[in-house]
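Participant: Starting from the known structure of chain A, fit chain B onto it as the hints suggest.
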Amino acid sequence: NAGVTQTPKFQVLKTGQSMTLQCAQDMNHEYMSWYRQDPGMGLRLIHYSVGAGITDQGEVPNGYNVSRSTTEDFPLRLLSAAPSQTSVYFCASSRTGGSNQPQHFGDGTRLSIL
Amino acid sequence: ELKVEQNPLFLSMQEGKNYTIYCNYSTTSDRLYWYRQDPGKSLESLFVLLSNGAVKQEGRLMASLDTKARLSTLHITAAVHDLSATYFCAVVPLTVNDMRFGAGTRLTVKP
Numbered sequence: 001n002a003g004v005t006q007t008p009k010f011q012v013l014k015t016g017q018s019m020t021l022q023c024a025q026d027m028n029h030e031y032m033s034w035y036r037q038d039p040g041m042g043l044r045l046i047h048y049s050v051g052a053g054i055t056d057q058g059e060v061p062n063g064y065n066v067s068r069s070t071t072e073d074f075p076l077r078l079l080s081a082a083p084s085q086t087s088v089y090f091c092a093s094s095r096t097g098g099s100n101q102p103q104h105f106g107d108g109t110r111l112s113i114l
Numbered sequence: 001e002l003k004v005e006q007n008p009l010f011l012s013m014q015e016g017k018n019y020t021i022y023c024n025y026s027t028t029s030d031r032l033y034w035y036r037q038d039p040g041k042s043l044e045s046l047f048v049l050l051s052n053g054a055v056k057q058e059g060r061l062m063a064s065l066d067t068k069a070r071l072s073t074l075h076i077t078a079a080v081h082d083l084s085a086t087y088f089c090a091v092v093p094l095t096v097n098d099m100r101f102g103a104g105t106r107l108t109v110k111p
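Read top to bottom, the protein sequences are chains A and B. Mapping the first sequence onto this note's numbering, position 33 (from 1) lands on 33, and the numbers just tick up by one. Mapping the second sequence onto this note's numbering, position 10 (from 1) lands on 10, and the numbers just tick up by one.
These are computed hints drawn from the structure, not numbers from a lab. Treat the hints with care, since some could be wrong.
Calculated pairs, SDA-like style, for lysine to any residue (alpha carbon to alpha carbon, straight line, at most 20 angstroms) [claimed, not checked]:
no.: 1; chain 1: B; residue 1: K41; chain 2: A; residue 2: G40
no.: 2; chain 1: B; residue 1: K41; chain 2: A; residue 2: T7
no.: 3; chain 1: A; residue 1: K9; chain 2: B; residue 2: E44
no.: 4; chain 1: B; residue 1: K56; chain 2: A; residue 2: P102
no.: 5; chain 1: B; residue 1: K3; chain 2: B; residue 2: Y22
no.: 6; chain 1: A; residue 1: K9; chain 2: B; residue 2: K41
no.: 7; chain 1: B; residue 1: K3; chain 2: A; residue 2: G40
no.: 8; chain 1: B; residue 1: K56; chain 2: B; residue 2: S45
no.: 9; chain 1: B; residue 1: K41; chain 2: A; residue 2: D38
no.: 10; chain 1: B; residue 1: K17; chain 2: B; residue 2: T77
no.: 11; chain 1: B; residue 1: K110; chain 2: B; residue 2: V80
no.: 12; chain 1: B; residue 1: K3; chain 2: A; residue 2: Q37
no.: 13; chain 1: B; residue 1: K110; chain 2: B; residue 2: D38
no.: 14; chain 1: B; residue 1: K110; chain 2: B; residue 2: H75
no.: 15; chain 1: B; residue 1: K41; chain 2: A; residue 2: Q11
no.: 16; chain 1: B; residue 1: K41; chain 2: A; residue 2: A2
no.: 17; chain 1: B; residue 1: K3; chain 2: A; residue 2: R44
no.: 18; chain 1: A; residue 1: K9; chain 2: B; residue 2: D38
no.: 19; chain 1: A; residue 1: K9; chain 2: A; residue 2: R44
no.: 20; chain 1: B; residue 1: K41; chain 2: A; residue 2: R44
no.: 21; chain 1: B; residue 1: K56; chain 2: B; residue 2: N18
no.: 22; chain 1: B; residue 1: K41; chain 2: A; residue 2: D107
no.: 23; chain 1: B; residue 1: K41; chain 2: B; residue 2: L9
no.: 24; chain 1: B; residue 1: K41; chain 2: A; residue 2: P8
no.: 25; chain 1: A; residue 1: K14; chain 2: A; residue 2: L114
no.: 26; chain 1: B; residue 1: K3; chain 2: A; residue 2: G42
no.: 27; chain 1: B; residue 1: K3; chain 2: A; residue 2: V60
no.: 28; chain 1: B; residue 1: K41; chain 2: A; residue 2: T5
Covered stretches of chain A, going by a simulated chain B footprint (3 or more residues, C-beta under 8 angstroms) [as the list claims (entries may be wrong)]:
no.: 29; segment: 30 to 42
no.: 30; segment: 48 to 60
no.: 31; segment: 102 to 114
In silico contact screen, one side only, chain A against chain B (beta carbon under 10 angstroms); selected entries [stated by the list, open to error]:
no.: 32; residue: V4
no.: 33; residue: L45
no.: 34; residue: F90
no.: 35; residue: A92
Beta carbons: idealized from backbone N, C-alpha and C, even for Gly.
Just chain A, with the same shape it has in the complex (with noise of 0.2 angstroms):
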């Protein structure tokens, strides 16, 4: 079972460019979420969706896109990279966004951009 699978685990990026990270749950799992963490910062919510084709803003969005077009993927686009940006970045699914489970996260990517 993988569980929450993020690729790449590490990447650097020159400020100004795109990418997209991504994420994918193999548990049937409504709800996934994007954090990033800083130091001293614990984590942060960039972005959560409650289903396929739902998304919504978390605590710091901008900067960021996402979209939900299956229950399994739940990408996250850099739109023009800025060393603000450089972070783990966390995504992480559970059964519902009103669940009483824990959400899982999978195994982050660092980012850095330079």
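Facilitator: Then chain B, alone, in the frame of chain A:
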């Protein structure tokens, strides 16, 4: 705005000692989560607390929730080196699916 505050942010303990990590939050919530993160790794779920007065225990860790005080605690009993990690609490407000994390408590257990 929802705020989740953990303290202490750094904790160095001797093996065998007891200590408590505190998590305060600023909005009404009926769901609080505790996660553990080892350096360079992902987050692992420890506890889910769903009601006022909820208490859960796993090994040397015990978590509790007081929704009226908007406070959760993570108590460590007779700490061992393997408990060294960063511990996060996370809160989901009643009205939205927006999970907010505390800044984390970096725990180091020394022999």
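Participant: Would you mind marking each hint as holding or not holding in the structure?
Facilitator: Against the structure, the hints:
| no. | hint | in the structure |
| --- | --- | --- |
| 1 | B:K41 <-> A:G40 | 16 angstroms, holds |
| 2 | B:K41 <-> A:T7 | 15 angstroms, holds |
| 3 | A:K9 <-> B:E44 | 18 angstroms, holds |
| 4 | B:K56 <-> A:P102 | 14 angstroms, holds |
| 5 | B:K3 <-> B:Y22 | 14 angstroms, holds |
| 6 | A:K9 <-> B:K41 | 11 angstroms, holds |
| 7 | B:K3 <-> A:G40 | 15 angstroms, holds |
| 8 | B:K56 <-> B:S45 | 13 angstroms, holds |
| 9 | B:K41 <-> A:D38 | 14 angstroms, holds |
| 10 | B:K17 <-> B:T77 | 7 angstroms, holds |
| 11 | B:K110 <-> B:V80 | 8 angstroms, holds |
| 12 | B:K3 <-> A:Q37 | 16 angstroms, holds |
| 13 | B:K110 <-> B:D38 | 16 angstroms, holds |
| 14 | B:K110 <-> B:H75 | 17 angstroms, holds |
| 15 | B:K41 <-> A:Q11 | 17 angstroms, holds |
| 16 | B:K41 <-> A:A2 | 16 angstroms, holds |
| 17 | B:K3 <-> A:R44 | 12 angstroms, holds |
| 18 | A:K9 <-> B:D38 | 17 angstroms, holds |
| 19 | A:K9 <-> A:R44 | 19 angstroms, holds |
| 20 | B:K41 <-> A:R44 | 17 angstroms, holds |
| 21 | B:K56 <-> B:N18 | 17 angstroms, holds |
| 22 | B:K41 <-> A:D107 | 6 angstroms, holds |
| 23 | B:K41 <-> B:L9 | 19 angstroms, holds |
| 24 | B:K41 <-> A:P8 | 15 angstroms, holds |
| 25 | A:K14 <-> A:L114 | 5 angstroms, holds |
| 26 | B:K3 <-> A:G42 | 12 angstroms, holds |
| 27 | B:K3 <-> A:V60 | 14 angstroms, holds |
| 28 | B:K41 <-> A:T5 | 14 angstroms, holds |
| 29 | 30 to 42 | holds (count 6) |
| 30 | 48 to 60 | holds (count 5) |
| 31 | 102 to 114 | holds (count 7) |
| 32 | V4 | 9 angstroms, holds |
| 33 | L45 | 6 angstroms, holds |
| 34 | F90 | 7 angstroms, holds |
| 35 | A92 | 8 angstroms, holds |
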